[in-house]
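Colleague: One letter stands for each residue in the lines below.
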Amino acid sequence: MVVPALLESLRVWLPELVLSLGAMAAMLAAPTAVGAAAGRRAALATWAALLLAADALWQVQGLPSGAYFSGLITVDALGHLFRWLALGVIALVVLMVVSSSDVSRGWVGEYLGLLLCVGVGLMAMAQANHLLMAYLSIELVSLSSYALVALVRDARSSEAALKYLLFGALASGVMLFGMSLLYGMTGELSLPGLQGALRTLDASSAGALALALTLILAGLAFKISMVPFHMWTPDVYEGAPVPVAAMLSVGPKAAGLALLLRFAQALSPAWEALGPMLAVLTVLTMTLGNVVAVVQQNVKRLLAYSTIGQVGYLLIGLSVRTTVGLEAIFVYLVAYLFMNLGAFACVTAVCNESRDESLDAFRGLSRRAPALAALLTVFLLSLAGIPPLLGFLGKFLLFGSAIEASRVWLAVAGVVNSAIALYYYVNIIRQMYLLAPERAGVLQAAWPLRLAVGVCGLATVGLGLFPGSLLEWLRAVAAATRL
Amino acid sequence: MPSSLLIQTGLWALTLLVLVSAGFVVALRNLFRAALSLGLVLVGVAGLFVLLEAEFLAFVQILIYVGAILTLVVFAIMLTARVSNPRLPPRPPSGSGRQRMAAALVSAALFILLASVTRALAAAGLQPGQAVSLSQVGQELITTLVLPFELISLVFVSAMVGAIAVAASRSPR
Chain P
1 MVVPALLESL RVWLPELVLS LGAMAAMLAA PTAVGAAAGR RAALATWAAL
51 LLAADALWQV QGLPSGAYFS GLITVDALGH LFRWLALGVI ALVVLMVVSS
101 SDVSRGWVGE YLGLLLCVGV GLMAMAQANH LLMAYLSIEL VSLSSYALVA
151 LVRDARSSEA ALKYLLFGAL ASGVMLFGMS LLYGMTGELS LPGLQGALRT
201 LDASSAGALA LALTLILAGL AFKISMVPFH MWTPDVYEGA PVPVAAMLSV
251 GPKAAGLALL LRFAQALSPA WEALGPMLAV LTVLTMTLGN VVAVVQQNVK
301 RLLAYSTIGQ VGYLLIGLSV RTTVGLEAIF VYLVAYLFMN LGAFACVTAV
351 CNESRDESLD AFRGLSRRAP ALAALLTVFL LSLAGIPPLL GFLGKFLLFG
401 SAIEASRVWL AVAGVVNSAI ALYYYVNIIR QMYLLAPERA GVLQAAWPLR
451 LAVGVCGLAT VGLGLFPGSL LEWLRAVAAA TRL
Chain E
1 MPSSLLIQTG LWALTLLVLV SAGFVVALRN LFRAALSLGL VLVGVAGLFV
51 LLEAEFLAFV QILIYVGAIL TLVVFAIMLT ARVSNPRLPP RPPSGSGRQR
101 MAAALVSAAL FILLASVTRA LAAAGLQPGQ AVSLSQVGQE LITTLVLPFE
151 LISLVFVSAM VGAIAVAASR SPR
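Here the protein sequences line up with chains P and E, keeping their order.
Residue 55 in this note's numbering sits at position 55 of the first sequence; the count goes up by one each step and never skips.
Residue 93 in this note's numbering sits at position 93 of the second sequence; the count goes up by one each step and never skips.
The shape of chain P in the complex, shown without the other chains (with noise of 0.2 Å):
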């Protein structure tokens, strides 16, 4: 009786099967061979694996919406969105660690095999309709990514996967302790159990059950960087490589509002008590990481300041809660993934050339890479929200959703945090354009770097000019999805 249901479940978890299969034999690939050899079996391996998954999530998204593995994950038109986002982060950052040279050549598989199994973790995280769910899903992607992030064998990167690794520890505790309070008061663990217990519940619960959702949100806020939750994002973008800084921008960003977005639906009406702190957060994420990364002076650390502002802008979405405002999240995290990824993958080929992390590296790009320079500035301006690209269609829906729930003044915040932004991001430009170059000599960037910056320029270009196919399909998951 339980077994075909479980073999149904299976189908519709075939994507993530498929990938946990392909780190396994990424990892085993890698020993068969020496030197280079070792490094293009396990990327044989990862590109398979990524392909087929990405063939089964094509399939599976014919399959009926609703409950599986007895109820333990949700299969719906969010949870597929999220997970070709997943997929998405995963496919460039695989492009970015084949060709950086901070990656230790020894340890590719290791690389590619903990880069997929944080995959699964992702797109797990999308799907989870159960605490149990959702608490192992993050705990896959956060022990991969610590791992990621201290596989290089220098002092700073020591330092920062122990900071990322005793605040994501404390963290998870804390999650955790609201994840407990809210099963005491309940009994419930799946979240659309805890909805319909969450309603029954009397007056004199109402403290505990504030304090669950806040703890659980403080958990959450610190996977996706909001503050005051934000600060080991510098100090671990620093000491990480830059491919594993880059998957750390995107992927748990994206999956930690998915399940902000799943709890904030299950637990709603309690939910609402937070909306007021959830909107004040927003305006500080975005002020400070924006306000902060002026100053900055390495790249890295710039660039994960600005994650932080990036972050805040996607919140307003988050705290809006209507239908447009959903709409305008999506739209954003698709820019924010080519845009992100791109810039990252730009710094990927300045470092490996210059190894040097400051802004200094980029001064005459023009001159050096004209291509990579001319894309970049795409990427920046993107970021940065200037018309036709992607980036501005995605802030345009942000900024309209927060008029429309008439929340100007997060609209206001948001507009004066995207002007901040575009001094530190011209001022990149400024260096690769007006600035005579630090050392002679063309800069070329490895084939598969290329191709990262190539496909990321061609969508933030093509879907800022084209948009309407993908509106359209943001806006059916949208409606789909309830609020």
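Note that these hints are calculated values from the structure, not bench results.
Please note that a few of the clues may not be correct.
[What the hints assert, rightly or not] Just some of the chain P residues that point at chain E, by a computed CB distance under 7 Å:
{"hint": "1", "residue": "Leu72"}
{"hint": "2", "residue": "Ala147"}
{"hint": "3", "residue": "Ser358"}
{"hint": "4", "residue": "Asp360"}
[Claimed, not checked] Rough simulated footprint, nothing fancy, chain P against chain E, three-plus residues with beta-carbon under 8 Å:
{"hint": "5", "region": "104 to 116"}
{"hint": "6", "region": "148 to 161"}
[Said to hold, decoys possible] Partial chain E-side listing against chain P, Cβ under 10 Å, derived:
{"hint": "7", "residue": "Ala13"}
{"hint": "8", "residue": "Thr15"}
{"hint": "9", "residue": "Leu17"}
{"hint": "10", "residue": "Ser21"}
{"hint": "11", "residue": "Gly23"}
{"hint": "12", "residue": "Gly138"}
{"hint": "13", "residue": "Ile142"}
{"hint": "14", "residue": "Thr144"}
{"hint": "15", "residue": "Leu145"}
{"hint": "16", "residue": "Ile164"}
{"hint": "17", "residue": "Val166"}
{"hint": "18", "residue": "Arg170"}
All C-beta atoms in this analysis are idealised placements derived from N, C-alpha and C, irrespective of residue type, glycine included.
Keeping the supplied structure of chain P fixed, place chain E upon it in accordance with the hints.
Modeller: Same frame as chain P, now just chain E:
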């Protein structure tokens, strides 16, 4: 009833044991002694589980925490020669006093907050006979909870591969 009085006394005594040893874990400078105090905490919690008639949980607590994790902690301390030195480690750098104050304040505030909101809660009150049997746990693990069961193995694999790779990449070849 004398037996319930006995249980009450036992609960209080174990709570006291757990709290005092937990204080030692934080306060003792010698890491080895702190680890042994941690052992007392873990055993005390297992005792609490026994008195609350959660025998399976107590068994797991002893097996995993006292048996495996504490052993690992002690093992790690013994391997780190400088830490296992019985003499006290050097004083922490100055300025940590203010950090301690801040940490104590935050912890106290969180404790007061938690205590004040949970005091109002009514315990759901399970019946004593409602304990979950072992075979039921096993059944659940391979039917309704099979997905988390398998996902945990992936978590372990990634944690183990990560730990080994990190350790190996730092050791001289």
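Colleague: Which of the numbered hints above does this structure break?
Modeller: 3, 4, 7, 8, 9, 10, 11 and 12
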